[in-house]
Amino acid sequence: MPDVVQRLVEMRVRRPDAVAEAAANRRRPASLLGEHGRLLMVAADHPARGALRAGARPMAMADRADMLERLVLALSRPEVNGVLGTADVLEDLLLLGALDDKVVIGSMNRGGLAGTAFEIDDRFTAYDAASIAAAGFEGGKMLVRIDPEDAATAPTLEAAGRAVSELAGNGLMAMVEPFISHRDGPNGRVRNDLSTEAMIRAMTVAAGLGTTSAHTWLKVPVVEDMERAMAATTLPALILGGEVSADPDAAYESWQKALTLPTVQGLVLGRSLLYPADDDVEGALDTVVSLL
Numbered sequence: 005m006p007d008v009v010q011r012l013v014e015m016r017v018r019r020p021d022a023v024a025e026a027a028a029n030r031r032r033p034a035s036l037l038g039e040h041g042r043l044l045m046v047a048a049d050h051p052a053r054g055a056l057r058a059g060a061r062p063m064a065m066a067d068r069a070d071m072l073e074r075l076v077l078a079l080s081r082p083e084v085n086g087v088l089g090t091a092d093v094l095e096d097l098l099l100l101g102a103l104d105d106k107v108v109i110g111s112m113n114r115g116g117l118a119g120t121a122f123e124i125d126d127r128f129t130a131y132d133a134a135s136i137a138a139a140g141f142e143g144g145k146m147l148v149r150i151d152p153e154d155a156a157t158a159p160t161l162e163a164a165g166r167a168v169s170e171l172a173g174n175g176l177m178a179m180v181e182p183f184i185s186h187r188d189g190p191n192g193r194v195r196n197d198l199s200t201e202a203m204i205r206a207m208t209v210a211a212g213l214g215t216t217s218a219h220t221w222l223k224v225p226v227v228e229d230m231e232r233a234m235a236a237t238t239l240p241a242l243i244l245g246g247e248v249s250a251d252p253d254a255a256y257e258s259w260q261k262a263l264t265l266p267t268v269q270g271l272v273l274g275r276s277l278l279y280p281a282d283d284d285v286e287g288a289l290d291t292v293v294s295l296l
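Count along the sequence shown from 1, add 4, and you get the number used in this note's numbering.
These aren't lab readings, by the way, just hints derived from the structure by calculation. Cβ coordinates follow ideal geometry from the N, Cα and C atoms, glycine included. Accuracy of the hints is not assured; some may be wrong.
Claimed, not checked - Distance windows between CB atoms, simulated:
no.: 1; residue 1: L77; residue 2: T264; range: 22 to 30 Å
no.: 2; residue 1: G175; residue 2: T264; range: 23 to 31 Å
no.: 3; residue 1: R19; residue 2: A69; range: 15 to 23 Å
no.: 4; residue 1: D282; residue 2: N29; range: 32 to 40 Å
no.: 5; residue 1: D290; residue 2: P190; range: 44 to 52 Å
no.: 6; residue 1: D290; residue 2: A134; range: 32 to 40 Å
Given the sequences, and given the hints that come with them, work out the whole structure.
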């Protein structure tokens with residue numbers, strides 16, 4: 005996409021107001037759910053947190069032209085009715101005319117950079133509720149990692165609660181992605197606890213954030229006892245695809261089972277859809293669409 009990159013750079017240099025114009029002219033979706041009755045979203049907010057790995061490729065998401073090509077391909081499918089990203093990515097897609105009739109969710113807290121000492125301190129460094137509303141997007145997403153041993157969890161929870169309230173005040177979706185997390189030693193990697201019990205705890209905390217839950221959706225991974233986990237809340241939930249699986253067939257099967265649960269309303273797939281192990285994005289799209 006070299007010509008596309010050149011066109012995007014020229015617009016950003018010569019006509020920065022083209023971004024706001026494209027947002028104002030975007031055709032908004034009639035519903036959060038697609039014709040298949042689900043919300044099928046592609047996520048592309050990983051680079052803003054310094055997380056560029058996809059499977060065995062440590063810098064897979066470092067090539068913006070390649071990432072945009074994969075995103076545009078995914079969004080060209082009518083069954084893929086939403087996208088999640090930070091301003092730089094969403095504005096590229098706006099300028100490319102790829103967001104008409106799509107549910108657009110702005111990623112809000114990208115300050116907990118991957119692999120840093122302050123990773124749990126998920127500051128709100130990207131979108132806020134006011135900018136999401138001004139852009140005419142459908143909602144905002146926030147990552148809420150709860151580390152029982154890291155005091156930085158508390159201000160993250162406070163900020164997330166405020167964001168949920170402000171989004172709801174604008175009638176916009178608050179997509180909350182909660183985890184119980186732990187660090188491997190003082191300077192070790194932050195790992196998310198994917199046990200059923202930890203996910204239940206994280207979900208119940210996330211569901212109570214803010215002054216109302218009327219517009220709150222949860223974004224959760226598949227855990228061992230998904231039925232028991234999802235029984236912990238009545239909030240609508242989206243299954244997240246997570247990292248590229250070494251066994252994609254098993255991942256697809258787990259997503260399909262989760263979609264039978266009453267609270268599960270769709271899927272949010274990022275690297276697992278854009279960078280599948282065999283690099284066949286079309287094939288991954290076909291398989292995911294068949295799950296719906």
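Here is how each hint holds up against the structure:
Here the CB-CB span from L77 to T264 is close to 28 Å, well matched to the stated 22 to 30 Å. In this structure the hint that G175 and T264 lie 23 to 31 Å apart at CB holds, the actual value being about 30 Å. Remark: the range hint 15 to 23 Å for R19 to A69 is upheld by a beta-carbon distance near 20 Å. In this structure the hint that D282 and N29 lie 32 to 40 Å apart at CB holds, the actual value being about 37 Å.
Between D290 and P190 the beta carbons are some 46 Å apart, a value that agrees with the proposed interval 44 to 52 Å. Checked against the hint of 32 to 40 Å, the pair D290 and A134 passes, with Cβ atoms roughly 39 Å apart.
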